[in-house]
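Protein chains in written order, with numbering that gives the first Met the number 0: chain A, 0 to 71; chain B, 0 to 406.
Think of the hints as simulated: they come from the structure by calculation, not from any bench.
Don't take each hint at face value.
As the list claims (entries may be wrong) - Derived DEER-like restraints, expressed as beta-carbon distance ranges: (1) N174/B / V28/A: 22 to 28 Å; (2) V161/B / D32/A: 27 to 33 Å; (3) R381/B / D32/A: 18 to 24 Å; (4) E188/B / V39/A: 39 to 45 Å; (5) S151/B / D32/A: 38 to 44 Å.
Claimed, not checked - EDC-like, lysine to aspartate or glutamate: derived pairs with alpha carbons at most 20 Å apart: (6) K153/B / D32/A; (7) K153/B / D31/A; (8) K342/B / E326/B; (9) K122/B / D31/A; (10) K23/A / E326/B.
To be verified - Quick partial rundown of chain B residues pointing at chain A, CB under 8 Å, derived from the structure: (11) S39; (12) Y41; (13) V181; (14) G220; (15) K263; (16) N279; (17) S301; (18) S305; (19) P308; (20) Y313; (21) D339; (22) R372; (23) F376; (24) H385; (25) T388; (26) N392.
Every residue, glycine too, gets a C-beta built ideally from N, C-alpha and C.
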Amino acid sequence: MKTRIKLSLYIALLMIMGSCTTLKPYQRVYVDDTAMQIGVHSGEAFEHYVESIREGGAHAGSGKSGGGCGCN
Amino acid sequence: MRYLIFGTFAFYSYFAKSQSTDSSATQKKINKTEIEVLYSHYLQDGDNSAVTGGIGTEKLTVYAPGIYLKRTVGKNSFSIKGGIDIISSASTDNIDYVVSSASRLDARTYANLDYSRTLKNEKFAISGGAGFSIESDYFSRAVRLGGEFSPSNKMRSYFVNVQMFFDDLRWGRLNWEHRKPVKLIYPSELRDKEWFTVHNRNTYALNSGLTQIINKRNVVGVFLELIYQKGLLSTPFHRVYFSDSTLVVENLPNNRLKGVLGFKWNSFVGGRTISRNVLNVYMDDFGIIGLAAENETVIKISPRFSLGPHLRFYLQQGSRYFAPFMEHRPTENYFTSDFDLSKFRTYIFGFSGRYTPNVYMGKKLLFNNITIRYSYFKRSNRLHAHIITLSFNATFNNSDNTSGDKK
Numbered sequence: 000m001k002t003r004i005k006l007s008l009y010i011a012l013l014m015i016m017g018s019c020t021t022l023k024p025y026q027r028v029y030v031d032d033t034a035m036q037i038g039v040h041s042g043e044a045f046e047h048y049v050e051s052i053r054e055g056g057a058h059a060g061s062g063k064s065g066g067g068c069g070c071n
Numbered sequence: 000m001r002y003l004i005f006g007t008f009a010f011y012s013y014f015a016k017s018q019s020t021d022s023s024a025t026q027k028k029i030n031k032t033e034i035e036v037l038y039s040h041y042l043q044d045g046d047n048s049a050v051t052g053g054i055g056t057e058k059l060t061v062y063a064p065g066i067y068l069k070r071t072v073g074k075n076s077f078s079i080k081g082g083i084d085i086i087s088s089a090s091t092d093n094i095d096y097v098v099s100s101a102s103r104l105d106a107r108t109y110a111n112l113d114y115s116r117t118l119k120n121e122k123f124a125i126s127g128g129a130g131f132s133i134e135s136d137y138f139s140r141a142v143r144l145g146g147e148f149s150p151s152n153k154m155r156s157y158f159v160n161v162q163m164f165f166d167d168l169r170w171g172r173l174n175w176e177h178r179k180p181v182k183l184i185y186p187s188e189l190r191d192k193e194w195f196t197v198h199n200r201n202t203y204a205l206n207s208g209l210t211q212i213i214n215k216r217n218v219v220g221v222f223l224e225l226i227y228q229k230g231l232l233s234t235p236f237h238r239v240y241f242s243d244s245t246l247v248v249e250n251l252p253n254n255r256l257k258g259v260l261g262f263k264w265n266s267f268v269g270g271r272t273i274s275r276n277v278l279n280v281y282m283d284d285f286g287i288i289g290l291a292a293e294n295e296t297v298i299k300i301s302p303r304f305s306l307g308p309h310l311r312f313y314l315q316q317g318s319r320y321f322a323p324f325m326e327h328r329p330t331e332n333y334f335t336s337d338f339d340l341s342k343f344r345t346y347i348f349g350f351s352g353r354y355t356p357n358v359y360m361g362k363k364l365l366f367n368n369i370t371i372r373y374s375y376f377k378r379s380n381r382l383h384a385h386i387i388t389l390s391f392n393a394t395f396n397n398s399d400n401t402s403g404d405k406k
């Protein structure tokens with residue numbers, strides 16, 4: 000079962016990386032859109048802060064790691 | 000299997016390096032200041048306050064104004080972020096040494112300074128920063144260092160950051176009579192003894208990630224975060240009632256290891272719709288396991304207006320140290336009745352709207368956008384909250400040449 004999960008993840012990664020193309024500047028209209036950026040956007044940071052306090056967990060890639068306040 | 004995976008990464012990395020960017024255009028030195036002013040309002044209510052042993056009101060209001068300034072000059076960026084969270088809570092009266100009316104105010108003031116520089120070949124960037132956060136019973140100092148690498152074709156980027164927080168949980172710094180750290184705050188009826196000999200909490204976090212542009216319409220990101228905390232991890236003013244009615248202070252282990260794995264996928268669907276998706280998996284050695292799935296849909300009504308809904312679902316397996324009011328046995332070594340560490344489900348739904356005029360106000364100040372975001376937060380153990388955030392973004396162009404729409 001574990002081998003099947005690993006193999007499935009590997010095949011998915013292979014398909015993702017295999018489909019990666021290089022975009023010329025004029026082809027980047029969609030990916031350069033502000034809303035397409037992977038980072039945390041306006042208004043989301045405070046919501047992530049609430050989630051880090053009111054839940055026991057943490058967000059990956061959000062920049063808030065825990066510590067810095069009297070919370071979890 | 001591991002050799003197969005590493006071999007595949009090496010294979011694709013080799014071909015990614017063979018691309019180069021078009022360098023025929025001339026470049027001007029960037030000189031601008033980005034400004035973000037925001038305000039968040041938070042209204043919460045619930046019935047399981049940890050301050051009163053897992054029962055009692057959790058009614059709380061937070062007024063949170065903040066400002067973010069980022070000055071970019073050529074390859075250097077300097078930023079400052081600051082704000083104040085003003086907290087009005089009935090349960091605060093059960094904490095502080097100064098007892099007053101039913102809804103007392105507390106405040107968390109914070110500031111962060113950061114610097115980043117893009118290195119000569121523009122593939123690498125380094126960053127560093129420091130900050131602090133202070134409340135009546137908490138003082139935190141933070142340090143950050145990081146690096147980012149993007150190959151020439153800008154299709155992929157890698158980053159790694161290290162953050163460290165050095166926290167002191169003693170009360171007194173903001174009290175006018177003392178103006179220095181004095182002692183830990185315990186529940187008023189339990190102040191006859193020192194429950195903890197440690198008053199510090201240190202956090203060490205390693206963040207890393209990879210973002211990849213898949214094609215013209217899809218971007219993905221993978222993130223891994225490891226966090227280690229050491230010191231006083233209990234909250235000294237949290238009460239715990241044992242099953243025999245004995246009252247004690249919450250007691251948690253003095254170290255904690257957390258791990259988070261996150262996946263993000265943003266997709267531009269059709270001509271007007273963007274779908275932002277997140278999957279997060281969390282585990283720690285307190286026994287907490289969390290799984291979060293989020294979606295935000297942005298619909299571009301026009302070139303200047305966009306709006307859309309967002310949803311989040313979170314499932315948490317609670318800590319082995321948690322039990323509700325009067326369910327802990329007196330023989331336990333570690334115990335808490337803080338429902339933030341319990342088993343629950345969380346639902347968040349809301350909407351956001353953005354107006355992006357990109358219009359100049361005067362010669363150099365560009366009004367970028369204004370965003371409003373509302374979320375309703377509901378936890379399965381009766382905690383619920385409303386979150387509203389308003390943000391305003393502008394850019395001050397310090398260069399002689401300007402571009403964009405003129406008013």
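Hints and how they fare:
The hinted window of 22 to 28 Å between N174/B and V28/A is violated, with their beta carbons roughly 56 Å apart. A beta carbon spacing of about 31 Å between V161/B and D32/A agrees with the range 27 to 33 Å that was offered as a hint. Evaluation of the 18 to 24 Å hint for R381/B and D32/A yields a failure: the beta carbon distance comes to about 40 Å. Roughly 42 Å separates the CB atoms of E188/B and V39/A, a value that falls within the hinted 39 to 45 Å.
At roughly 22 Å, the beta-carbon separation of S151/B and D32/A lies outside the given 38 to 44 Å, and the hint is violated. Note on K153/B and D32/A: the hinted pairing holds, with a Cα-Cα distance of about 15 Å set against a maximum of 20 Å. Under the criterion of a C-alpha separation no larger than 20 Å, the hint pairing K153/B with D31/A is consistent with the structure, at around 11 Å. For a cut-off of 20 Å, the pair hint linking K342/B to E326/B stands: about 15 Å separates their Cα positions.
Distance restraint check for K122/B and D31/A: the Cα-Cα separation of roughly 18 Å lies within the 20 Å cut-off, and the hinted pair is therefore satisfied. Of the supplied pair hints, the one linking K23/A and E326/B is violated, its CA atoms being roughly 63 Å apart against a limit of 20 Å. For S39/B, the interface hint holds, the least distance from its beta-carbon to any beta-carbon of chain A being 4 Å, beneath 8 Å. The beta carbon of Y41/B comes within 7 Å of a beta carbon in chain A, closer than 8 Å, and the hint placing it at the interface holds.
With a least beta-carbon distance of about 16 Å to chain A, the hint placing V181/B at the interface is violated under the 8 Å criterion. With 8 Å as the threshold, the beta carbon of G220/B comes within range of chain A, its nearest partner Cβ sitting at about 4 Å, so the hint holds. A hinted interface residue such as K263/B counts as satisfied when its beta carbon comes closer than 8 Å to some beta carbon of chain A; here the least separation is about 5 Å, so the hint holds. Satisfaction of the interface hint for N279/B is found here, the shortest Cβ-Cβ separation to chain A being roughly 6 Å, below the 8 Å cut-off.
A least Cβ separation of about 14 Å between S301/B and chain A goes past the 8 Å threshold, and the interface hint is therefore violated. A cut of 8 Å between beta carbons decides the hint on S305/B: the least distance to chain A is about 7 Å, and the hint holds. The interface hint given for P308/B is violated, since its Cβ lies 14 Å from the closest Cβ of chain A, which is over the 8 Å cut-off. A cut of 8 Å between beta carbons decides the hint on Y313/B: the least distance to chain A is about 6 Å, and the hint holds.
Annotation: D339/B was flagged as interfacial toward chain A, and the flag holds, the nearest CB pair being 6 Å apart, inside 8 Å. Taking 8 Å as the C-beta contact cut-off toward chain A, the hint placing R372/B at the interface holds, the least distance being around 3 Å. About 7 Å separates the beta-carbon of F376/B from the nearest beta-carbon of chain A, less than 8 Å, and the hint is met. Residue-level restraint check for H385/B is violated (minimum Cβ-Cβ distance to chain A is 11 Å; threshold 8 Å).
Satisfaction of the interface hint for T388/B is found here, the shortest Cβ-Cβ separation to chain A being roughly 4 Å, below the 8 Å cut-off. The beta carbon of N392/B is positioned within 8 Å of a beta carbon in chain A (closest approach about 7 Å), and the interface hint is therefore held.
In the structure shown, a violation is registered for the earlier hints numbered 1, 3, 5, 10, 13, 17, 19, 24, in ascending order.
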